Amino acid sequence: MLAITIAIAIGIALPMETAINSRLQGTLKSPYFASLMSFFMGTVLLTALLLATGRSLLIPGTFFTSHPWWIWLGGVLAVVYLTGNILLFPKLGGIQTVLMPILGEILMGLLIDNFGWFASAQHSITWLRAFGAILMIVGIVFAVVLPERARKNTFQGSAEATETHHVPHRGFWQLLGIVFGAFAAGQTAINGHLGHLLKSPIQGAYVSFLVGTFILLIVVLIQNHGLRFPVGAISHSPWWIWFGGFIGALFVLGNVYLVPIIGTGLTVVIVLFGQIIGGLIVDQFGWFGAKRNPIVPLKIIGLLIMIVGVLLIKLF
2 MLAITIAIAI
12 GIALPMETAI
22 NSRLQGTLKS
32 PYFASLMSFF
42 MGTVLLTALL
52 LATGRSLLIP
62 GTFFTSHPWW
72 IWLGGVLAVV
82 YLTGNILLFP
92 KLGGIQTVLM
102 PILGEILMGL
112 LIDNFGWFAS
122 AQHSITWLRA
132 FGAILMIVGI
142 VFAVVLPERA
152 RKNTFQGSAE
162 ATETHHVPHR
172 GFWQLLGIVF
182 GAFAAGQTAI
192 NGHLGHLLKS
202 PIQGAYVSFL
212 VGTFILLIVV
222 LIQNHGLRFP
232 VGAISHSPWW
242 IWFGGFIGAL
252 FVLGNVYLVP
262 IIGTGLTVVI
272 VLFGQIIGGL
282 IVDQFGWFGA
292 KRNPIVPLKI
302 IGLLIMIVGV
312 LLIKLF
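Under my numbering, the residues of the sequence shown are numbered 2 to 317, in order.
These aren't lab readings, by the way, just hints derived from the structure by calculation. Don't take every hint at face value.
Stated by the list, open to error - Simulated pairs of lysine-lysine, PhoX-like, Cα-Cα distance not exceeding 20 Å: (1) Lys153 x Lys92; (2) Lys292 x Lys30; (3) Lys153 x Lys292.
No experiment lies behind these values; they were computed from the predicted model shown.
Modelling step: build the complete structure from the supplied sequences, incorporating the hints.
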């Protein structure tokens, strides 16, 4: 029960990080720069936690040669997933940019469990678990896709169709969205195994964030030809725009802790359930500068369907 509570809690927190980072992106005028600062702040928090718990920031040299190479890919996949969403949005529009990666994340989570990829504990796919995954997707459609489509049709005259109608090779971008979601599930499994090998979830999350920070630093230096902070814009921004990375660090830390306990597939679906709840809360109250979008009955129906899906995956 504690593991499920943690999974829901970190899921609820993630949309808050997204809202904060969106405000940071508006201040820094660059999604990659905002992501870099978010990763950097997360790394700072995890560094402090490591030092506070008496753990070393360094990893023994023998660790690198005695474990598989892919354990270092968690941070890489995180950056690819983050960048992928930035690329997908203008191609697919807001609704499909949410839905396609979630579809890939759920499917990959179940496959990782079924085959024991990335040294995960095996949990075979049963018909009921598969049906639970389908219900999760249906619930997300009710909670996110249908209300958003209705809102856009009301205020913009079918904006989603306008966004995507003239985009060539849309099927390719939809498939890419599913792949990016699969990367997110892979990151969860890899970071979980890394934390298990290091015997420290904090150190596992720290390594992932450190790798991601260095990759984003290179991307920003190439794209922006340096690190330039818009001092004027920063001085007029709220203090909390820098703390999205703290939430992100706790989110990854929670995943690293959960995967060895409840498995990748269940971690993914319960965290996604929490994300939908968190997204509804942020939209309802307009927290962190997000545009207010009141909860409607469709969203509640979606949550109830998702609860049934989670129970089927958890119990069977």
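Each hint, compared with the structure:
The straight-line distance between the Cα atoms of Lys153 and Lys92 is roughly 17 Å, inside the 20 Å bound, and the hint therefore holds. For the hint pairing Lys292 with Lys30, the CA-to-CA distance comes to about 19 Å; that is within 20 Å, so the pair holds. As the CA atoms of Lys153 and Lys292 are separated by approximately 14 Å, the hinted pair is consistent with the 20 Å bound.
In summary, this structure violates none of the numbered hints.
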